[in-house]
Amino acid sequence: MKPFIAVIAFALILMLAACSTNTNQTNEKQPSTLPNSSANTGANQPKDNPKPSYSVPSSENDPLVATTPEAAAAAIISLLKGEDLQSLAAYIHPNKGLLFSPYAHIDTASAKIFPAASLPALTDTTIYHFGEYDGSGEPIDLTFKQYYDQFVYDKDFLDAETVGSDEILGTGSMKVNIKELFPESYMMDYHFSGFNEQYEGMDWASLILVLEEWDGAWYVSAIVHSQWTT
1 MKPFIAVIAF ALILMLAACS TNTNQTNEKQ PSTLPNSSAN TGANQPKDNP KPSYSVPSSE
61 NDPLVATTPE AAAAAIISLL KGEDLQSLAA YIHPNKGLLF SPYAHIDTAS AKIFPAASLP
121 ALTDTTIYHF GEYDGSGEPI DLTFKQYYDQ FVYDKDFLDA ETVGSDEILG TGSMKVNIKE
181 LFPESYMMDY HFSGFNEQYE GMDWASLILV LEEWDGAWYV SAIVHSQWTT
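The sequence shown maps to residues 1 to 230 in the numbering used here.
Rather than coming from a laboratory, the hints here were simulated on the basis of the structure.
Beta carbons: idealized from backbone N, C-alpha and C, even for Gly.
Check each hint, because a few of them may be wrong.
Said to hold, decoys possible - Label-pair restraints from in silico Cβ distances: (1) PRO139 x THR68: 11 to 21 Å; (2) GLY216 x GLU161: 28 to 38 Å; (3) THR143 x GLY82: 17 to 27 Å; (4) THR171 x GLU197: 28 to 38 Å; (5) ASP124 x THR171: 14 to 24 Å; (6) ASP124 x ASP154: 15 to 25 Å.
Stated by the list, open to error - Below, in silico cross-link-like pairs of lysine to aspartate or glutamate (DMTMM-like), each with a Cα-Cα straight-line distance of 20 Å or less: (7) LYS179 x GLU197; (8) LYS112 x GLU180; (9) LYS81 x GLU161; (10) LYS179 x GLU70; (11) LYS179 x ASP166; (12) LYS81 x ASP149; (13) LYS96 x GLU200; (14) LYS112 x ASP149; (15) LYS155 x GLU197; (16) LYS81 x GLU70; (17) LYS81 x GLU180; (18) LYS81 x ASP159; (19) LYS145 x ASP124; (20) LYS175 x ASP84; (21) LYS179 x GLU161; (22) LYS155 x GLU200; (23) LYS112 x GLU200; (24) LYS155 x GLU212; (25) LYS179 x ASP107.
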């Protein structure tokens with residue numbers, strides 16, 4: 001029996017040695033896993049903020065920036081013809097907003113002013129008060145689309161008969177007070193001298209863009225409709 005006991009003892013010694021080796025390997029400090037840039041790409045990165053529906057011009061590298069009043073007016077009159085108010089908003093004066101006046105004498109008590117972010121859509125059904133009709137004194141209470149069709153782009157001003165650069169071409173009995181309210185402005189007057197000969201020029205019409213410089217770019221501060229008045 002002694003040889004058998006010796007074999008069993010030797011086997012137990014080998015098993016204990018193997019267990020000791022495995023325990024030491026398990027307790028060894030494993031290397032930490034460093035962040036893998038390729039594996040983590042986008043996982044913890046902040047998402048880009050959604051872009052606004054329009055961008056306010058801010059640098060000379062922005063294609064929307066107009067560095068001269070003529071360039072600003074050319075872009076704006078084209079946008080008005082196309083009824084592209086989303087793009088027009090980018091040309092609205094950042095501080096003053098955009099004033100709408102149905103006549104060349106701006107009534108500061110009733111003229112509507114809209115910031116770029118609050119420019120109404122042509123589908124807006126809100127009734128706004130824009131002043132009073134010349135002659136009758138009746139209130140000009142219209143939706144923005146109705147006002148636009150009557151006092152903004154009621155003629156094809158992009159193809160105006162003449163354009164006055166910082167000059168008012170249409171004159172009548174009404175005093176033009178644009179320069180009094182916007183002394184540093186540059187005006188572009190898109191003018192038709194008349195449409196029907198029988199009216200002998202009393203049916204003339206103008207759309208005046210009042211432009212002002214701010215931070216190196218030109219913006220529109222007012223859109224003024226002008227026509228013959230009694």
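Consistency of the hints with the structure:
{"no.": "1", "hint": "PRO139 x THR68: 11 to 21 Å", "in the structure": "violated, 38 Å"}
{"no.": "2", "hint": "GLY216 x GLU161: 28 to 38 Å", "in the structure": "holds, 33 Å"}
{"no.": "3", "hint": "THR143 x GLY82: 17 to 27 Å", "in the structure": "holds, 19 Å"}
{"no.": "4", "hint": "THR171 x GLU197: 28 to 38 Å", "in the structure": "violated, 20 Å"}
{"no.": "5", "hint": "ASP124 x THR171: 14 to 24 Å", "in the structure": "violated, 33 Å"}
{"no.": "6", "hint": "ASP124 x ASP154: 15 to 25 Å", "in the structure": "holds, 19 Å"}
{"no.": "7", "hint": "LYS179 x GLU197", "in the structure": "violated, 32 Å"}
{"no.": "8", "hint": "LYS112 x GLU180", "in the structure": "holds, 18 Å"}
{"no.": "9", "hint": "LYS81 x GLU161", "in the structure": "holds, 15 Å"}
{"no.": "10", "hint": "LYS179 x GLU70", "in the structure": "holds, 18 Å"}
{"no.": "11", "hint": "LYS179 x ASP166", "in the structure": "holds, 10 Å"}
{"no.": "12", "hint": "LYS81 x ASP149", "in the structure": "holds, 11 Å"}
{"no.": "13", "hint": "LYS96 x GLU200", "in the structure": "violated, 38 Å"}
{"no.": "14", "hint": "LYS112 x ASP149", "in the structure": "holds, 16 Å"}
{"no.": "15", "hint": "LYS155 x GLU197", "in the structure": "holds, 17 Å"}
{"no.": "16", "hint": "LYS81 x GLU70", "in the structure": "holds, 17 Å"}
{"no.": "17", "hint": "LYS81 x GLU180", "in the structure": "violated, 28 Å"}
{"no.": "18", "hint": "LYS81 x ASP159", "in the structure": "holds, 10 Å"}
{"no.": "19", "hint": "LYS145 x ASP124", "in the structure": "holds, 7 Å"}
{"no.": "20", "hint": "LYS175 x ASP84", "in the structure": "violated, 31 Å"}
{"no.": "21", "hint": "LYS179 x GLU161", "in the structure": "violated, 23 Å"}
{"no.": "22", "hint": "LYS155 x GLU200", "in the structure": "holds, 18 Å"}
{"no.": "23", "hint": "LYS112 x GLU200", "in the structure": "violated, 32 Å"}
{"no.": "24", "hint": "LYS155 x GLU212", "in the structure": "violated, 24 Å"}
{"no.": "25", "hint": "LYS179 x ASP107", "in the structure": "holds, 13 Å"}
Going down the numbered hints, you'll see the structure goes against 1, 4, 5, 7, 13, 17, 20, 21, 23 and 24, while the others check out.
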